Amino acid sequence: MIVVITLLPIGAYAALVIAWIALTAASTVARLGPLRLSRGAFIAAPFLLAALPLIFVRPEAPLGSVDLGPLRLTISGEGLRIFTTIALKSWLSVQTALLLTFTTPFHDLLDALRELRLPRIMVAIIGFMYRYLAVLGEEAQRLMRARAARSALAEGGAGGGTLVWRARVTGSMVGSLFLRSYERSERIYAAMQARGFEGTFRHMAGRSVRRAEWLAFAIVVGLLGAFELAAHLWLPRL
Amino acid sequence: MTTDADPHRHEHAHAHPVRGEHVHGHDHQHVDPGDVDADLEARWVEIEHLHYAYPDGFEALRGIDLRIARGERVALVGPNGAGKSTLMLHLNGINRPGHGSLHVAGMTVDRRNIKRIRAEVGLVFQDPDDQLFSPTVFDDVAFGPLHMGVPPDEIHRRVERALEAVGMGGFERRLPSHLSIGQRKRVSLATVLSMDPSVLVFDEPSAGLDPRGRRQLIELLRSLSQTVIVATHDMRLVADVLPRTIVMDEGLVVADGTTVEILGDAALLERHGLERP
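Protein sequence lines, in the order shown, are assigned to chains A and B.
In this text, residue positions in the first sequence follow this note's numbering: the first is 390, and each later residue adds one.
In this text, residue positions in the second sequence follow this note's numbering: the first is 150, and each later residue adds one.
Derived from the structure by calculation, the hints contain no laboratory data.
Incorrect hints may appear among the rest.
[Unchecked claim] Computed Cβ-Cβ distance ranges for the label pairs, DEER-style:
| no. | chain 1 | residue 1 | chain 2 | residue 2 | range |
| --- | --- | --- | --- | --- | --- |
| 1 | B | 373 | A | 567 | 46 to 54 Å |
| 2 | B | 359 | A | 442 | 24 to 32 Å |
| 3 | B | 197 | A | 557 | 33 to 41 Å |
| 4 | A | 570 | B | 329 | 18 to 26 Å |
| 5 | B | 360 | A | 518 | 30 to 38 Å |
| 6 | B | 198 | A | 534 | 46 to 54 Å |
[To be verified] Covered by chain B, according to a simulated footprint, are these stretches of chain A (three or more residues, beta-carbon under 8 Å):
| no. | stretch |
| --- | --- |
| 7 | 435 to 443 |
| 8 | 570 to 577 |
| 9 | 581 to 591 |
| 10 | 602 to 614 |
As the structure is a prediction and not an experimental result, all values here were calculated from the model.
Positions of the beta carbon are idealized from the N, C-alpha and C atoms, including for glycine.
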């Protein structure tokens with residue numbers, strides 16, 4: 390789905406709307422509520438900043454310009470079109486990813502990655518990352534709470550310190566978080582060794598993919614392919 | 150009768166120590182040469198002149214001599230930095246002795262035997278977040294047997310049995326991060342029980358548990374038939390569950406006897422920064 394969205398042509402707003410309707414329908418069927426994904430996907434909005442210059446750097450179809458002292462920015466219609474498409478595409482792609490993670494338990498995703506022949510070490514790393522993200526987050530939170538607990542404001546004082554000083558405190562917090570994680574990794578490794586780990590990950594054959602699932606997979610891929618084709622050939626573009 | 154002295158100078162109980170009746174400073178008891186098994190049972194865990202220094206030169210163990218019989222329950226107490234954790238890591242070969250030797254179940258702990266030793270000695274670490282590193286409870290409990298090369302059917306049986314034994318049956322598909330500390334501690338124990346060890350070594354098993362979790366842990370420890378070695382500061386736990394106590398300080402065994410004797414010796418406890426329950 391993500392690949393399909395990414396490959397849609399520029400300005401294919403009709404196709405994007407259809408994709409959004411499909412995602413929303415899927416989200417409703419999965420009992421997530423129709424608009425949960427659409428709202429959640431705004432989390433990726435800051436990344437759009439990277440695409441923002443496109444509005445100004447394309448030379449085609451100037452719409453007008455903005456004066457910024459010595460700089461004169463020309464807004465390009467073509468650039469605006471590209472930017473809008475990218476924004477919508479990324480918004481929809483994030484929704485797709487959210488749909489997957491909301492509906493599928495994480496270990497099933499790992500099994501799927503394994504089934505798709507991703508190297509074991511990669512699967513193991515992703516598994517560890519998922520397992521320890523929460524632990525790391527808690528540790529970071531404890532550090533921040535410890536800082537907050539001692540960030541009292543003396544009466545009449547300015548408080549807070551200079552920006553440099555604060556940056557230094559934050560820096561050393563990051564450093565200590567790194568050291569803690571490093572030490573934890575050593576302890577985890579000891580725990581793995583203690584249970585017979587010798588450098589190669591083994592995994593029990595999980596449940597294998599059933600024929601019906603392959604069939605469903607093929608149908609979905611077929612439908613998506615047809616949709617992509619239709620978007621390129623027939624659906625209107627602006 | 151406890152001794153507070155350099156272990157090199159005194160003999161440890163080489164006798165057949167019946168649980169709870171650990172005789173100290175006794176002469177070698179006669180062991181019938183034909184009865185090799187009984188002799189082995191009496192020396193199920195045997196540590197001789199164990200020295201260990203960390204790469205930075207710090208001498209963590211300065212000559213440990215110990216003998217623990219099969220099925221005994223032993224407390225390992227002492228202040229922080231006494232060498233308890235270092236000793237525990239030796240028991241299944243994660244640390245290699247600088248000097249001296251260790252034997253478990255008649256096998257020398259060395260590179261050759263390492264796989265069998267790790268199946269024989271189950272190490273339960275203090276922080277369950279270190280012990281439980283897999284995506285699901287099932288994966289974690291299966292990790293040991295899987296890496297021992299146990300066939301899949303047998304792994305499923307063992308996982309089920311181990312989780313049953315710690316009262317966590319039915320939690321196979323749960324995520325470790327979604328369990329309470331007490332539950333995580335119990336799953337940690339299951340992860341080594343599934344390897345079917347004869348010796349269980351715990352590091353601070355009661356740390357961080359609320360009273361209910363602690364009570365469940367104590368019942369669990371009582372229900373185990375394996376040889377149990379517990380490193381802890383929790384003297385009430387020692388008094389409740391572990392009939393024999395070994396006191397370590399500065400890399401040495403400074404006292405070894407029945408828990409009743411050791412905990413009754415206020416001067417000894419005071420000297421080594423410990424307290425009575």
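Cross-check of the supplied hints:
no.	hint	result
1	373(B) with 567(A): 46 to 54 Å	violated, 38 Å
2	359(B) with 442(A): 24 to 32 Å	violated, 56 Å
3	197(B) with 557(A): 33 to 41 Å	violated, 52 Å
4	570(A) with 329(B): 18 to 26 Å	holds, 23 Å
5	360(B) with 518(A): 30 to 38 Å	holds, 35 Å
6	198(B) with 534(A): 46 to 54 Å	holds, 47 Å
7	435 to 443	violated (count 0)
8	570 to 577	holds (count 3)
9	581 to 591	holds (count 8)
10	602 to 614	violated (count 0)
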